[in-house]
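Protein chains in written order, with UniProt numbering: chain A, 1 to 311; chain B, 1 to 252.
No incorrect hints appear here.
BS3-like mimics (lysine-lysine), calculated; alpha carbons at most 25 Å apart, straight line: (1) A:K263 <-> B:K43; (2) A:K61 <-> B:K43; (3) A:K60 <-> A:K50; (4) A:K158 <-> A:K78.
Not close to chain A: a few residues of chain B, all C-beta gaps over 12 Å, as computed: (5) P87; (6) I156; (7) L171.
Note that these hints are calculated values from the structure, not bench results. Because the structure is a prediction, the values reported are computed rather than measured. We treat Cβ as the ideally placed atom computed from N, Cα and C, and that holds for glycine.
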Amino acid sequence: AAAGFCPCRALLARRGGALRALCGSVRGLAAGPETHFGFETVTEAERREKIYQVFESVAKKYDVMNDSMTLGIHRVWKDILVHKMNPSPGTLLLDVAGGTGDIAFRFINYVRSVRDRQLQRKLKHHQNLSWREISESYQEEKLKSLGDSQVVVCDINKEMLKVGKQKAQCLGYSEGLSWVLGNAEELPFDDDKFDVYTIAFGIRNVTRIDLALQEAYRVLKPGGRFLCLEFSHVSNPLLSRLYDLYSFQVIPVLGEVIAGDWKSYQYLVESIRRFPPQEELKAMIEDAGFFKVDYQNLNSGIVAIHSGFKL
Amino acid sequence: GRACLSHAEARARDGRSGEEEEEEEEGCYRLYPGHIPTTPLQKALLAAGAAVMALYDPYRHDLVAVLGETTSCLALPNLRDKMKHHPEGYRILQERPRIRLSTLNMARLKELPDGTLGREYVRFLEDNKVSPDTRMPTKFVDDEELAYVIQRYREIHDLMHTLLGMPTNMLGEVVVKWFEAIQTGLPMCVLGAVFGPVRLSARKLQVLATELLPWAIRSGRNASCILNVYYEQRWEQPVESLREEIGIFPPP
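Starting from the given sequences, assemble the full structure and let the hints guide the process.
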């Protein structure tokens, strides 16, 4: 029945298309430039509102859905991102669109383990310490288990931050972690502040990517690194077909069954298709002023990590 | 489904998005508010997923509705035809009445004498603390008339409870499901009827098997189609008389 309706619909669309286009452009003039929400055409203001609502409604089931949709592989992708970052103790990280804290927690774990190894090596060299000196070094270790590293998690959505804070409490992360409500297109931070800027699966939802990239450049210190983990384009035709099949047939069903929300996950898969491919994103990052911009495909391009430096 | 999908994707890639309708999804027109067009594969996955999840988490009533919608593609046209060939049913299909708190005049129904359909229905709603507004709107039925038929079936469920005199506990629900399964043939009702008793205690199972089920089955078989009764025009009719008219035997 649905297939039967399509030709009629197409006819109607063509007839009314001119009028609708006119109305659309008039609305556009009034309400702002046109952009996309998945496969729909909306104004920028509408898009921001819709995306806010999507994440407000998925926040509580965000992690469960990530695990189901990617069969847990998203954890590996995020691990690879933090390994690529290779932060040393004392690094100041800004994780934008970091909502539920996945990157922040991995960063803390990584830095802690690096610090532990440093301390172990230090202790090995001092095998002839007295008991008092050893206990003092333990004290010092407890006070500075992160070695002055800090991560600021910034997200535009209150619900996602709420979930992230709850997770931090549950998992016992408190030191070196801050949560800030903010917009990637207009960050509430000073210039030249951070050593590393990450945005994992968030830049796709930003309405003006160019502004977000400019802000990233602004808040990074000279020598700072920009890292972006995002769904990208699969060039292998067979894999691309399978990926499309899985994305469009299975993911919205998972959304309905697990989160009771088909439409948010329909938006998710559509927004992935709408996002610029690897080379285009690389060009955009270079336009923002970054140098040595490069990307690494994971899983044949299902996901890509883009990296750039502010010099 | 699939054809519409690649059409939409091609359009997206061409970037002629300015010509697209704001409301269009997957290139297929939404047939009614809340409609989500789905391919047969998606329906199959939904049905399987909803079945598993609803068993795992019994509070997911929305998934019970989803399961009903995705499995009823054969039974719904039959129901719709039964309605079309009956004068009252045909009127219902034309006028599309909805049972919601906003369309019902609760105060007036309460004032009706005891024993009338309206009074007993309101009593049922209050005693069991349920409301007609908690029914899920249809999403996955790809025909606008059939979507109404299944919506109507959901909305008269509480009236079934009233007519059969069954409360909303597990036992009562199972009995109503058996009655509905025989009346409508909807796979969801059959599933509920078959698997519902699994959660009942032995004593209740006995009552079910010896008294309630035989009565429900006989009534279900004897009664005319419950969807063919324009309940909103019969609030003043005594429940007993309506039972006789439809062919439901008096409850034990």
